[in-house]
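Asks: Letter by letter, the chains look like this.
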Amino acid sequence: MSNRLEKVTICKFRGGTCPVDIEFDPGKPVAVIFGENGTGKSTIVDAIAFGLTGDLGSLRFISVPGPRKQKYLHSIGTKPSDMQVSVTVGNATWKARLGKKDPEVEGPDDPPQVHVLRRVELLKLITSEPKKRYEAIQSLINVQRIEAAELELRLAVNDAKKALEFASERKVQAQKILEDHWSQSGAPRAASALEWARAEATGDLQTLKANIAAGRELLNASTVATEAWRELQVRAAEASDAVGMLRPLQERLETLRAEEDVQLLDVLECAQQILDPSSETCPLCEQPISAEDVRRRVANRLGALKEVRKLKGEIERAAKTAETTTSMLGQQRTSFELRRSLLVQQANALRGRFELLPVNTASHTDGEITAYLARIESVRPQLQNAIDADQKKANQQDLLTTNISAVDVATTNLIEFQAKAKRLEQISQAVESIRKHYVSEVLTDISDTAARMYTRLHPEEEIGGVSLYLKDAASGSLELIGSFAGNTEIPPQAYYSESHLDTLGLCVFLAMVERDPEAIVILDDVFTSVDDAHLGRILELLHDEAKNVGHLVVMTHYRAWRDRYKYARGPASHSQLIELLPWTASRGIRHTRTAPSVDELRENLFKEPLDRIGVAGRAGILLEALLDDLTLRYRCRLPRATDINYTLGELFGGIDSKLAKAMRVMKPAGDIALEPLLQKLLSMAFLRNQVGCHFNLAGSNISDRDVRAFGEATLAYAEAVICENCGELPRREKTGEYWQCACGSTKLVPLVKPGDKAA
Amino acid sequence: MSEMADITVAKRVAAELLRLGFLKPDRAERFAQDLSAGKVKSEEWKLLADPPHAAGAGNVK
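Residue numbers (numbering that gives the first Met the number 0), protein chains in the order written: chain A, 0 to 758; chain B, 0 to 60.
Worth flagging that the hints you see were computed from the coordinates, not collected in a lab. Please read these numbers as outputs of a predicted model, since none were measured by experiment. Hints may contain errors.
With a cut-off of at most 20 Å between alpha-carbon atoms, the simulated DMTMM-like pairs for lysine to aspartate or glutamate come out as follows [claimed, not checked]:
1) K10(B) / E736(A)
2) K6(A) / D24(A)
3) K160(A) / E42(B)
4) K6(A) / D109(A)
5) K40(B) / E424(A)
6) K160(A) / D25(B)
7) K10(B) / E440(A)
8) K38(B) / E431(A)
9) K23(B) / E424(A)
10) K40(B) / D109(A)
11) K746(A) / E736(A)
12) K40(B) / E146(A)
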């Protein structure tokens, strides 16, 4: 009940050029929408799918110019923005419109599923190649989340296999390296290369590496100390040179100063006299004093003093250089002593292993130092050879240890990874098997259901045995087989007639969608024409299967389908009948509710003034339909004619007295004998022609009361034979004892005409 | 409807893995829920396949 359509509102969508509401009766499991071609049936179907899911509907199956099919969703001559569809199911409403790019649907999450079977798809289910058939059914058998988890499982299996391969490769590589070294070592006697390697790798690698390091440190210390010794020699020479340059400069300065002192005294005395205004001669030699001469001598003295100043500058610089070089010499000596000390320490430490190394003596003269350093350097080649030999040994031990470890680790890993890969494979197989088994179950269930339905539609025909299955070797390939004329496992599409394929497609579709018990299922005018017997069975099937889905909506242009409900040859009370009126661009889709003819007659009987023709005509047609069904049910004898439309008189004549007396309708409220009702109707049947069909004066003489009585008698008979619950005549034979309606609450006996044998 | 199918298959898988000893009884229901939601990733499958004595064995979140 919760997933039944309540209302569909269409505005500017496809053929719905004007706003239109189509109201559904959620109390009825089946809605039949009858409309001749071009009245808007497909628009309504597309609107339901579009309104709930934004699906393009029938546009998906046709080719239109341009890449965007959605631009053809809105009614011609309208704007896309004007288009809207709303669908109410239960208490929820979904509204769909065209967005900037794609359809947009507003409404609660998880709208009801809509499954539409269109004529164009009907045969595809059967005649398509297996892959397309699988695509059609895919959504019903998909276990997407399980498949997603299975994909992850396969990744895990692959990872485990890769880890296994890697461990295996690593073991092979390590073994190969050990075997190569074993061979290079002359393949000494051992159980295997690995055992040989284990024995070889037992040496003290740490001590070996420490010896190598000590040897290298000694060689390095020797190099450094020798270099420092050379540097010290250079610094000593520099300091000596600097001191050597300073001494002559100082001596020269002293000489210059002594000379200058004598001459300066002489000049100063002369200058004093010059400065004395009373004296014009030298007081010593009494020679006249020349001022010019004194000036010249002063100038000479000043020049000599400048030389002294220059010399002082040179002395200062030389003194600084001497100080600097002396200081550097001291530093270098300290540095060298440190290095020498280190060298001696390292050499002494290694003397136990290298006897060629010299013993450091107590004296430290330059000659001794030079000799010591030279002795150390002289054994460098032997020392280097010893280090190289140790290094080679260490390298080999390192390599053996590394690869022994690699073999051991890989061996452990292989055992673990093999077990893990095996367990993952086991899990993977279990999951895959369960999933496939489930899909197979679903397909078997669909096959069985479809086969059961098909047998109902074609009870005495040598066809059926429908079975759907997935082809093992092919991915996503759904095979279909059936039986035909005693031959089993044949492809139905190769042997069945088109109408048989139609009904097979319907059965497979219904069997599939019934797995979705909440879904809205729409049959969009799937049959072009069906004979009366098959139509009756299809109707029965659809009403029975409608219980297994949310809401079944049948669109049909087939008037016989509509009339089946109208004249109680189908469970009218369980169905809602909507009739579409002719479509025009200016008025769009229009519709009306079609009432069963019993309801129409009842309604007419209450009208004032009495619609004489309406009552007599409707009563007559209804009575014809009811008697037609009755005489058919009892195989009554009627005059043979090319036209099978019998008159009321002929139909009454076909019901013999034995049958009339025997007929009884059994209802929950009690049994009803039909003979009195039929007798009464027989006496009034002429009213149908005289008032309801033809113009004649005799009809004018018939009173309204008689016309009403005819209508009421017809209504009484109809109400007696039609089930109040399901609205259907008792026309189904299920027990071999009586006829019954769709719901089984109204029964008609006898099963066969007295004197006849049961078929 | 597809969700129902996932749940059905997930429950069957959990029961089978329980029977095979890959799942502990107290983890089976949760595992089925995760599986039906497509939440079991490769690392969790690996944990499930750990040897019985391993810390992660059967302890899929």
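Asks: Check each numbered hint from earlier against the structure, then list the numbers of those it violates in ascending order.
Replies: 1, 6, 10
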